[in-house]
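Here's the letter readout for the chains.
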Amino acid sequence: MRFDRNRIADVTFGASALVTGLAVAAIFGFLFLFALPVFTGGQGLSILSGVWNPGRGQFGILPMLAASLCVALSALALGWPLALGLCCGIRGFLPRPIGRLLLMLLRGMTAFPTVVYGFAAIFLLVPIMREGLGRGSGLSWATAGLVLSLVILPTMALVMDAGMRQTERRLRLTGAALGFTREQTLTHLVLPACRKNLLAAAALGFGRAIGDTLIPLMLAGNAPQWPSAAWDSIRTLTAHIGLVLATDSNSAAYGSVFVAGCLLLLVNVTVQLCLRSLLRTGETA
Amino acid sequence: MIVCLTMAMTLSVSLASAAPLDAFKGKQGTVDIAGGTAHIPVMKEAAKRIMTVNPGIRISIAGGGSGVGVQQGGEGLVQIGNTGRALSSDEVAKYGLVSFAFAIDGVAVVINPANGVNALTAAQVKDIYAGKITNWKELGGEDRAISLYTRDEASGTREVFAKKLLAKGDVAPSANVVPSNGAMKTAVAQDPGAIGYVGIGHIDSTVKAPTMDGMTPSQENAANGTYTITRKLYMNTKGEPAGVVKDFIDYVFTPEGAEIIRASGYIPVAK
Amino acid sequence: MSRPATYFVRTAVWGAALIVPLALAALTGVLVTRGAGALDANLFFGGVPALQAMTGRIPVWDGIWPACAGTLSLLGLTMLLALGPGIGCGIYLATSTASRAKAVLGFAVDLLAGIPSIVMGLFGFTMLLMLRRTIAPNAGASLLLAACCLALLVLPVLVSTTRAALESLPRQLHLTGAAMGLGKWQTLRHILLPSSARGILGGILLAAGRAAEDTAVIMLTGAVANAGLPAGIFSRFEALPFTIFYRSSQYRDALELEQGFATTLVLLVLSLSLLAGASKLQRTLEQRWQGIRDDD
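Protein chains in written order, with this note's numbering: chain A, 1 to 285; chain B, 1001 to 1271; chain C, 2001 to 2296.
A portion of the hints provided could be inaccurate.
[As the list claims (entries may be wrong)] Going by beta-carbon spacing under 8 angstroms, a handful of chain B positions derived as facing chain C:
1. K1027
2. Q1028
3. D1032
4. T1052
5. I1061
6. A1062
7. G1063
8. L1077
9. S1180
10. G1182
11. A1183
12. T1186
13. K1208
14. K1271
Please keep in mind that the hints were generated in silico from the structure rather than gathered at the bench.
Quick caveat: nothing in here was measured; it's all calculated off a predicted structure.
For every residue, glycine included, the Cβ atom is placed at its ideal position computed from N, Cα and C.
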């Protein structure tokens, strides 16, 4: 039998695809496997209660979930409009050279390591927040939210830009025919047409924000309490995992880490499903 | 290469008294150390000297706190697990750990140097950490909100602090959590309204330690009993140590090791 | 004509165009002003002569050279592990016709891309526990474990850039191969891969950049504060991002803090150069096929 290179190639690539698929399945599988004993063992659903106080045997991670959501949503609330603004600027609201510079800046920001953001923010932003707000220690929800919005900005902006570029190319003539200026074309034609793309960027940003570890770990204070004010010190699920694994030894605390991991995975799956449904309908439009 | 080797050997001979480090000559091995963060300066200096004499020995040092020391030492993930507290009988029974106390360290409350307060009582500290006292002006300081800093749950330093100063009282859930002695020191040094607690060996000019119930926190006072909030620093191994690990532990108990311990700010304890 | 809408967008534009560069300049400015002073040989080698330090003859304890070496070894090992599956998967997605499998795999890759890095580190940690309980009771946190987890982390980057590079080639190229009677593998090897090589290479650099800067994964699988030069793949190691993280909360004096700032600059330069290389490569790929594609 001849050495059929094509067949071997097919098999090899298929194998790598299989490996990738298996890896994903393994990650989900193992984490759920390790999280299961928490529910079936003595603790039951108390892991989802609202108080974290290991000294008294309370291992509720709900405050952490709330903190993750609060930080991610506030980062999104600040970052998404900024990303949109930058995109519109690049696509026509600003003079071309400035637009090009901004695009380069955005691309550069994707390579900015998050740990470096955190490091710089500890020494620049934390004192400002502390003195400026007059309350709290500077390590807070607000501080983490501000820096996180910078972290997720480039991802969202680049996704928006990719979508807007295509749509703008399509609609430029339409706008010209209607007598619109470039700015008006963007505002009234391109943006509405790109709606799905903009939402997808938001979903992507949210996913990225909720999954970030270092910014909340370094800047949010890590107190396991329910977030109530912007200057409160809070602990996100990701920071919780990092802290507990780096320092704790109690097996009950360990269990909470796996549950936290599963919660994060669930959020990830939800975000991905949203993205898929958004982009799929966008394609057929 | 021979020149470099000779240089390294002459350097090591002149650096320190040859006797204790001789035990490491010509040996190979790995020693992974993890656990209490108070121990790190001592471990680091000892490892530096040993590895300079004999690069064939690899020593890695991680922090994590006493909880990690017990867990990783017990599971065998590291050869030496450091703790800043005595092991509980459960831990000894579960993991079969052998403890070696090598230093005395005190635990003191620290505040920012800019803070005007100079003396605190245990009752005040208890109320502060419970969240009942929230402003420094209630203690005679300036009008500034108190920022609480505490350690993670598995910290030996925290356990000593909770047992001896808080008398098992609660820590308010709004307290910022930091993962090590070094981190606590940095946090308090940077925040003018901060209050925290560290091992006395970590106290330097960047933080201020007010007197506690009239006792001045210092290592001498910790050693002679005037300052009562103390704990011993332990190295723990799974079973009796052997080989390079045993050599390392023995080295810490030599006069040279005692010198390192003193330089790091602790009081050495005989084996 | 609804003017308010345009004005609204215009304010957003100008606001963003001012705030974002300002914020970035402030952050970078802090790093440069407080760290540039410490950028010298002492930062890297801590007083040990350069040649001895680099070859490991004398251990470096107060410098970041072991962390640099650790990051580079980690990068190398990660890319070694991730290249095969990553590029293979990307080729599969770009050239396969089994649409059901493609959809499932595409979804799996997207899921993988969205997994938070700390969860990936947690996975590595659980793998370690599993290994210790079953087949390798002496396994420990190590360079190999960290590299495996990082490889999983950067896999989606490789897959999507390979796939995009191949799919961005003009359709004519795929047909050219068939027209010459070449089989699938031969088309790939002689026509498609060489043409998209730049894009794939760009993807490799992007993945490397991602691997170099990640902290959460290595924090849980083998990075420690002090370990000297990496001594084989089964040992613990130091890495630049972890050193930065550690220094941020636990510096012992002003010099260490200044060196911490300088270390962030080093990592920043590393990440930015990898990104610059990647962009350059990808742009030349685009330009090469621009003319042909516009005719499509």
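Verification of the supplied hints:
Checking K1027/B against chain C: minimum C-beta separation of about 15 angstroms lies over 8 angstroms; hint violated. Here the hint on Q1028/B is broken, as its CB sits about 11 angstroms from the closest CB of chain C, past 8 angstroms. The restraint placing D1032/B at the interface with chain C holds, with a minimum CB-CB distance near 7 angstroms, inside the 8 angstroms limit. The interface hint given for T1052/B is met, as the beta carbon of that residue sits about 6 angstroms from the closest beta carbon of chain C, less than 8 angstroms.
Residue-level restraint check for I1061/B holds (minimum Cβ-Cβ distance to chain C is 4 angstroms; threshold 8 angstroms). This hint holds: A1062/B has a C-beta 4 angstroms from the nearest C-beta of chain C, less than the 8 angstroms allowed. A least Cβ separation of about 6 angstroms between G1063/B and chain C falls short of the 8 angstroms threshold, and the interface hint therefore holds. Taking 8 angstroms as the C-beta cut-off, the interface hint given for L1077/B holds, the closest approach to chain C being about 6 angstroms.
For S1180/B, the interface hint holds, since its Cβ comes within 8 angstroms of a Cβ in chain C; the closest pair sits about 6 angstroms apart. Among the interface hints, the one on G1182/B holds; its C-beta lies about 3 angstroms from the nearest C-beta in chain C, closer than the 8 angstroms criterion. Checking A1183/B against chain C: minimum C-beta separation of about 4 angstroms stays under 8 angstroms; hint holds. Nearest Cβ of chain C to the Cβ of T1186/B: about 6 angstroms, under the 8 angstroms cut. The hint holds.
Annotation: interface hint on K1208/B violated; nearest CB of chain C at approximately 17 angstroms, more than 8 angstroms. Here the hint on K1271/B is broken, as its CB sits about 25 angstroms from the closest CB of chain C, past 8 angstroms.
Of the numbered hints listed earlier, those contradicted by the structure are 1, 2, 13 and 14.
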